[in-house]
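Participant: Just so we're aligned, residue 195 is where the sequence shown starts under our numbering, counting upward by one.
Worth flagging that the hints you see were computed from the coordinates, not collected in a lab.
No residue lacks a Cβ here, since even glycine has one placed at the ideal position from N, Cα and C.
With a cut-off of at most 16 Å between alpha-carbon atoms, the simulated EDC-like pairs for lysine to aspartate or glutamate come out as follows:
1. Lys321 x Asp359
2. Lys445 x Asp359
3. Lys823 x Glu727
4. Lys523 x Glu554
5. Lys321 x Glu358
6. Lys321 x Glu356
7. Lys523 x Asp651
8. Lys445 x Glu358
9. Lys445 x Glu356
10. Lys321 x Asp259
Here are the simulated distance ranges between beta carbons:
11. Glu557 x Arg658: 14 to 24 Å
12. Arg686 x Leu489: 45 to 55 Å
13. Ala655 x Met601: 26 to 36 Å
14. Leu325 x Leu489: 44 to 54 Å
15. Arg658 x Thr200: 51 to 61 Å
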Amino acid sequence: MSLLETIRSPHDLRRLPPSDLPRLAEEIREFLIDAITRTGGHLGPNLGVVELTIALHRVFDSPADRILFDTGHQSYVHKLLTGRQDFGRFKNRGGLSGYPSRAESEHDVIENSHASTVLGYADGLAKANQLQGYQDRHVVAVIGDGALTGGLAWEALNNIAEAEDRPVVIVVNDNERSYAPTIGGLANHLATLRTNLRTTQGYERVLSWGKETLQRTPVVGGPIYDALHGAKKGYKDATSPQGMFEDLGLKYIGPIDGHDVDAVESALRRAAGFGGPIIVHCLTEKGRGYRPAELDEADHFHQVGAIDPVTCEPLRPVTGVSWTSVFGKELVEIGRERPDVVAITAAMLQPVGLQPFAREFPERIYDVGIAEQHATVSAAGLATAGLHPVVALYSTFLNRAFDQVLMDCALHRCGVTFVLDRAGVTGTDGASHNGMWDLSILQVVPGLRIAAPRDADQLRAELREALDVADAPTVVRYPKAEVGPPITAVERIGGVDVLLRTGPAGRAPEVLLVAVGAMATACLDAAALLTAEGLGTTVVDPRWVKPVDPALTELAARHRLVVTVEDSGRVGGVGAAVAQALRDADLDVPTRELGIPQRFLSHAARGEILDEIGLTGPGVAAQTSAFAKALGLTPGGDFLTSDLTSDFVGGDQHHGS
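Make the full structure from the sequences, and use the hints.
Facilitator: Below, the structure is given as structure tokens:
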């Protein structure tokens, strides 16, 4: 039996002699490489925190002591040491989550996967301990993988530092990276500390040698050593500028070699006994112990799919084209044509597809770190100066910058384009990463326009249309998926594309299916099933879903039931906006909204979740058929197909406005 297999709780770990810990660390790395290359996941960050996590659980008594991780994707070793070693269905339905999960373990305090929040939690937990008289409990916040670049972390530090008698142990896991190398002034400061570690370590070795040698020297040895030791603080202040933290009122220990369990344990024990807020600065290497990850300069295997652990080739090769790559290539083409276009991202240059743009236009790309709020305000400044910024983010992370979208971009009528990757159901990353909020929260923003392309051709076209808008913010959203084949419109009415009409000649269709973006394929499949039931169906793609095109209102008036289908939350989304538009037009047409139920979805494959919530062709057809029956609709109606001719001219031809 391996050492790892004997660890069912942190108590088992604390019983191991220190001499066994290097072997345990090696076994953990072997386990992670084997497991994560089979299922996919955040491999590089976890290979880098093996010794650090071992030391944390040997020094602190979880769950009485609260150990928090920011970001949560660096918690795999924590899972292993708290009794969760079945990674067979990791990140898949029925398996372990890729982040801390309260449902999995009492050792998981927060389900933290949006970065830079852990210090705020730590501040609150420490205050609660103090108020409730728990003097023997510790709060430990592990912050790393770029999370310290987020402004929210510094707001929390400001509060943590004000209470000198309120203990919080802040472990800075400094691996110089988030996805890619961490940037900014703070990153430069930490890099200085990292560089000077070699000098400081050399000094400590000399001091250790001097202590042994001089204390054996009669009479003068002791005073000479004391003088050297007294000079230590001044020397370290000159070589290791930790003053930034100490000026905030935070005691600082480090930098510490984060791969030396003894050194980390020693530092954490000193920190635990300090009695106030203290920072332990640990230097780690992302991808440590796995040569391909160590050599990968892009992101040290920050996140991998299922790969062969030897060749690193994908086990399930991707044969299609991703939405992300289509966007990335098109933005490069646009950049060649328009020198006013610049790009911004928040520590996700590669995942959102901006790397090709960065290679060709390095002076026109800005990675601001994990700081979506700042990215948005900075974009407003760029737009005010006459440029057109493209802010590329995961949909779920735009939530963090809502106030800046509203009060800085929209209020000032700034021409900023937000490109939201991973919109809708993302799947295996779980509740925090599903991009199911943007269509709801952005509906309330005056003047903002939202495009939802159905295929690659429409993504290219709608991105260009968005960049032509100079007096309002625009949004282009698409899912985490492969792009399907082109879907050709049979007609464009106003700004709305008609994709399909079914039913007998001379009779208007009963059902209008409004397909939002990538839901077009499901709606076309549903239309075929509804037609087989005798329900004539029109499928339309609004292209621009905010504001509602007047052409869509007129089309709705020529049907007996309107069903909207969106890969986003049902509350306040596109369906709600269409229903409101019909009411405003005094049209009494029944509407039904299909979308993601307003709950946090468990991790599973995207296809599994879409099937579960009824956003597939059969699911849309079944629900629509049930709506029609409940309304007493029968095939056939009083409308003629002549009412739906290309002579209709309701609505503008561009931007859905």
